[in-house]
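There are 2 protein chains.
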Amino acid sequence: MNITMIRAAAARLSGRARETPLLWAPGLDAIAGRRLLVKAECLQLTGSFKFRGAWAAVSALPQDVRARGVIAFSSGNHAQGVALAARMHAVTAVIIMPADAPAAKIDGTRALGAEVIVYGRGAQDRDALGARLAADRGLTLIKPYDDPQVIAGQGTVGLEIAAQARALGVQTADVLVCCGGGGLASGIALALADTAPGLRVRTVEPAGFDDMARSLASGAPQRNRAATGSICDAILTPTPGLLTLPILTAHAGPGLSVTDDQALAAMAAAFRHLRIVLEPGGAVALAAALWQGATIPGDTVIAVASGGNVDPATFASALARA
Amino acid sequence: MNITMIRAAAARLSGRARETPLLWAPGLDAIAGRRLLVKAECLQLTGSFKFRGAWAAVSALPQDVRARGVIAFSSGNHAQGVALAARMHAVTAVIIMPADAPAAKIDGTRALGAEVIVYGRGAQDRDALGARLAADRGLTLIKPYDDPQVIAGQGTVGLEIAAQARALGVQTADVLVCCGGGGLASGIALALADTAPGLRVRTVEPAGFDDMARSLASGAPQRNRAATGSICDAILTPTPGLLTLPILTAHAGPGLSVTDDQALAAMAAAFRHLRIVLEPGGAVALAAALWQGATIPGDTVIAVASGGNVDPATFASALARA
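Chains as they are written, first to last, in my numbering: chain A, 1 to 322; chain B, 1 to 322.
Read the hints as simulated data drawn from the structure, not as lab findings. Computed from a prediction, not measured in an experiment: that's the story for all the values here. There's no promise every hint is true.
Residues on chain A that point at chain B, a partial pick, calculated with CB under 8 Å [said to hold, decoys possible]:
(1) A60
(2) L112
(3) R272
(4) R275
Covered stretches of chain A (chain B as the covering partner; in silico rule of three or more C-beta atoms under 8 Å from a C-beta of chain B) [as the list claims (entries may be wrong)]:
(5) 17-31
(6) 40-53
Chain B is nowhere near these chain A residues, computed Cβ spacing over 10 Å in every case [said to hold, decoys possible]:
(7) G120
(8) S230
(9) I231
(10) T259
(11) V277
(12) I296
The beta carbon of each residue, even a glycine, is placed where N, CA and C say it ideally should be.
Chain A with its partners taken away, still in its complex shape (with noise of 0.2 Å):
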């Protein structure tokens, strides 16, 4: 894993994923009490920024390799990243995915081509049930995280970001990013540790589910005590994964964490100054920024709004609240 993998993929996703721009409003500075800059990954294609590690993983197979066919393991995000990449290289997709996923990612990821397979938690045996088909059909795995071409695509975005800070003049910040597995987190620190070293990349998770900030602060990857429980579905990961950890170790500054109730107070907040969509798990940084700034030094803080996949009524709830 290095810069140059980052650079060869930004290279293979030009004209295919969005330059997305860093947003910010002077309502948000107010509540931040300093400058808030929000990467808006949300305005994506596909609505994540899993459509960047996707693409990489998927324009890197060995053409007679691709024509296969992937497959891929996702609650909704990679899913529609990996069914959109497949389909814009004309192959086909498999998703396996849980049947307690949003239902505006099931839907979304069938509307791009791919094959759903739905697998109730527990029920069976999500890995055999992969594993099988794969066998069957020749189709390649694209990890959601632990692969160094899906890191290398999450990482365009911290390019992306290195850019845009220095065209505003910003040298120094904290770049909070929500944290599952860690891909987009460690692809954002090992772009920035090479092009600004001033920026550095703290995660950000739900509270009680901060696999990573403990095992950041122990030196040991630590886990999850439970699978689920947060409103934040796209980040429930059990434990960091075996690339992620490292890199991070080595670039990361101390892991955050917010409660549910802050992740749909940002959604409001990036719905009323940003008019930008987030979903609970996408807004885990910007409310960091927002109502923990005592543990974030600096005049400027940059948040990656990373996702936006969110059902109307999980949506209609975060803004009845706020």
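Keeping the supplied structure of chain A fixed, place chain B upon it in accordance with the hints.
For chain B alone, kept in the frame of chain A given last:
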């Protein structure tokens, strides 16, 4: 009014206004039955294109005139645009707003530091009130659309569309523009006539408030029969502007109109497929692109999503209907 003024406005707006993205999604293309590109001006500072015209007008004032402050009449989007443009110039803004304007817009204007004066429709003579304030305090009136500098500022949206469409290889398309008094549509029409003659502006209004479409069809200014009665508060202007109608007569195609239900459904579609927040009046062009395709030629259509300042309850009701 000419392209030189628009280019001059673009130079003054550079580094101030955002260049907003031209978004697309497979799911929207499927509904529209053609390639659909959405110019997301809801992501502009203050949540609508109005900041462009306001900045262009305020920045064009002689310094001693500007220093005495500005005044505007507005139900909300022009109000916020003028308020922020004045604040960024460190001058006073007085905004006269109707009491029935959406709370999000009144609050947003106050939060930008403007002095807001709320009047009851019918109860007070708005124009007399404004004239007295302007005279007493030496304030300069910034009109919402019938002002060459304002039209030039809105025209910068057209310069961006021309460049973005060119980058995508789009040479011929209708450009659908949400239309109240016609400042945005006429500015874009002037910009495109010079820089992308294959792109043709078409106004989109709420059904029953299609004064511009009827004026263009009949060749003479027409009035709406009612002043209120549509959810599209931002674009319920009684009659076309004196400057805007001749420009659109020269450069625009036939006008379109959509129902309030179509505007609400377009808000839900933008939420789901683009993860952006639109207000009803900012969604009418997208609504026409999605559901009035029979009246639009070609394999590509461009829709300007002009604003996203909407109360949470209205937004939630749009999501609930879809």
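inquiry  = Taking the earlier hints as the rules, which of them does this structure contradict?
reply    = 1 and 11
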